[in-house]
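Participant: Take the sequences, apply the hints, and build the full model.
Read top to bottom, the protein sequences are chains Y and A. So the first sequence is numbered by the UniProt record's numbering: it starts at 1 and just counts up by one. So the second sequence is numbered by the UniProt record's numbering: it starts at 1 and just counts up by one.
Be careful, since some hints might not be right.
When the alpha-carbon atoms are kept at most 35 angstroms apart in a straight line, the in silico DSBU-like pairs for lysine-lysine are as follows [unchecked claim]: (1) Y:K241 to A:K129; (2) Y:K51 to A:K203; (3) A:K207 to A:K129; (4) Y:K168 to A:K17; (5) A:K276 to Y:K241; (6) Y:K22 to A:K24.
Since the hints were made in silico from the structure, they are not lab data.
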Amino acid sequence: MTSAPPLDVPLHVKYIQQLDEKKDLAYHLTEHLRLNGVYWGLTALSIMGHKDALPRDAMVDYVMSCWDDEAADTLPPPPSSGAFGAHPGHDAHIHGTCSGIQILIMQDALDRVDVDRVVKFLLTLVGPDGRVEGDQFGEFDVRFSYIFVMVLSLLGRLDAMDTIYDGKGRQLVVDNIVNSMNFDGAFGSEPGAESHGAMVWVCVASLAILGELDRIDRDLLGWWLSERQLPNGGLNGRPEKLEDVCYSWWNLAALSIIGKLHWINRDKLMAFILGAQDLEGGGIADRPGDWVDVFHTVFGLAGLSLVGYPGLRDIDPLYCMPAEVTDKMGLRRDYRTLPRLEQWPQA
Amino acid sequence: MHGVKRTRVSPEAAEAKRIKEQSKIQAYVALQDDVLASKRAKEYTVEALGKTNQLLDLNPEFYTIWNYRRNILTRGLFPESTPEEIVGLLTGELRMTMAYLRVHPKVYWIWTHRMWCLENVPLGPGESKGWRNEFWKTEFMIVEKLLDADARNFHAWSYRRYVVESLPASFSPARSPADELKYTSKKIESNFSNFSAWHYRTKLLGKSWAEITPEEVADEKDQEFELVTQALWTDPGDQSGWLYHRWLIGHNPSPQVLARELESIQELHKEEPDSKWCMNALAHYHLLSARLASASETDVTKHRAEAKTILERLEVIDEDRKERYRELASHY
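Facilitator: Right under this line is the structure:
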């Protein structure tokens, strides 16, 4: 049926284990993504059923070393909010905070962090129009809205949204997300912006977490999302653009949340992702033949898991975390994944 | 890493590269440690600003350093500067980010810093807003250049909307939505496949149509249908025009317009019997026709039957999405 090679789990596990050993120039130049990288690696390993392939305690200690006690760098001190930067010495940012909290929860170490201070940090980022900023310097888009909602949910503190803007915080954030929706049923990075697969995922997942999925036209959005699949099986992020493995996550997770995952060709997509593996050094690339990285590795694996690749662990499309973790926390929502196959390629 | 071809490197070549990189790495790490130490010490001086320049030259994605830079400016340099000097400093910042954007047009942090600079341009000279207007004029030129380089760069499109919305009332010559519409026409005419431009058009027209009479809207819509029909006939396999056409039809079309467009697409379908986009549009517009308040019972039955036939054909032609067609057809 297809000539794509099967998933080489041991090789990818080894690839992730060795990421921290190859300290070349690129390693130093990507420090601003290090904490995210740890989350990507840990999630990838968890999907493959090898969560313990990286030492837990060292990882938790590393996360805590990224804590920025002067988050928001308020003048004058003392600061009352705190959050994570991307690496020790880097400033607090919502993106690092996202990965930090996700890792601590996956490693069952949330007790290490002062949750109240994180919640306070997050609340300072919401603007009067419901936009959510990444830090105090004002960059905003719906990616940050998602992180805001998702992290509050993980912390069991969604109710904190009601404490800002005279109790209207929640409504403002939801409206800002809904205003980023376009006529095609999909979402852009902010109100007015063109629809984009990654933005669709963050918006749909936010609305699902908040129980506001009825704001979405599932047939219309499902159409737009299913048209992201190209004849080679890969998915693109916008009309008339190239395919990329990471959209196997953004678009698929959104399709899964709205119950339309069966609207694309599963086998062709699986073959495309599998074809993007580096079968010598391990890892998955954006498309076949390119250099691999941990970002495309985790989103390729997460996509494969959603569409039922055999032997992988289930992933929660709202949180991009193992379903086992979010289920245990009582966070499961009504999403649909495809049945897990017995073998690949199918007999 | 996006779109970088993998090459096999021999162990010897890898080792040679590692050794060659060592001095670069040492220099980079030393500079980084130095800058982060000044940051911790809250050094907000010209010297510190210079060091952040060197570091950002090597790594413009180091957001902490952009933050530090802004703190140096607002806490150290601005308070001791005249408005003229602040304008000078911000001009330097913009020049620097422009150089970076040429190489890294998709790095969020660089765009953010640029916006921050513009928002910090002081009033003046004197009581006027002359400086601000000058800065915004430059932004217009720059965003045009960036969209010429990559007409689908969504950062650049967002930035364009930001610039247009932020223009001071005193900006001369005034920039109207009609000017922006002309800009999208230019982009679309040079490439029908530029969905970013079509998208912007939906936003511009959506806004301006809310302010004119239904008759005027109908006239303008007809012109839009003409434009998009050209695109559809040029390349029926391109999604951009079809999406725009669907936006023009909307949820609640006038029965005459819907009938006319249905007929026009049927004509195209005769020329392009296997165009899935053509058939998708036909199926959707038949179902819309069946939902019209003015539709007779016979019309409803006829349109639904047509839609069903097309959807069944799509199951075969566009097999990747057959489940979708099956599901839609099952309703009728």
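Participant: Indicate, hint by hint, whether the structure satisfies it.
Facilitator: Hints, one by one, checked against the model:
Among the hinted pairs, Y:K241 with A:K129 is inconsistent with the structure: their alpha-carbon atoms are about 41 angstroms apart, more than 35 angstroms. Annotation: proposed proximity of Y:K51 to A:K203 is violated, straight-line Cα distance about 46 angstroms (limit 35 angstroms). Annotation: proposed proximity of A:K207 to A:K129 holds, straight-line Cα distance about 28 angstroms (limit 35 angstroms). Distance check on the hinted pair: Y:K168 and A:K17 sit about 56 angstroms apart at the alpha-carbon level, beyond 35 angstroms; violated.
Between A:K276 and Y:K241 the alpha-carbon distance is near 18 angstroms, which keeps this suggested pair within the 35 angstroms criterion. Between Y:K22 and A:K24 the CA atoms are separated by roughly 15 angstroms; this keeps the pair inside 35 angstroms, and the hint holds.
Checked against the numbered hints given earlier, this structure breaks hints 1, 2 and 4; the rest are met.
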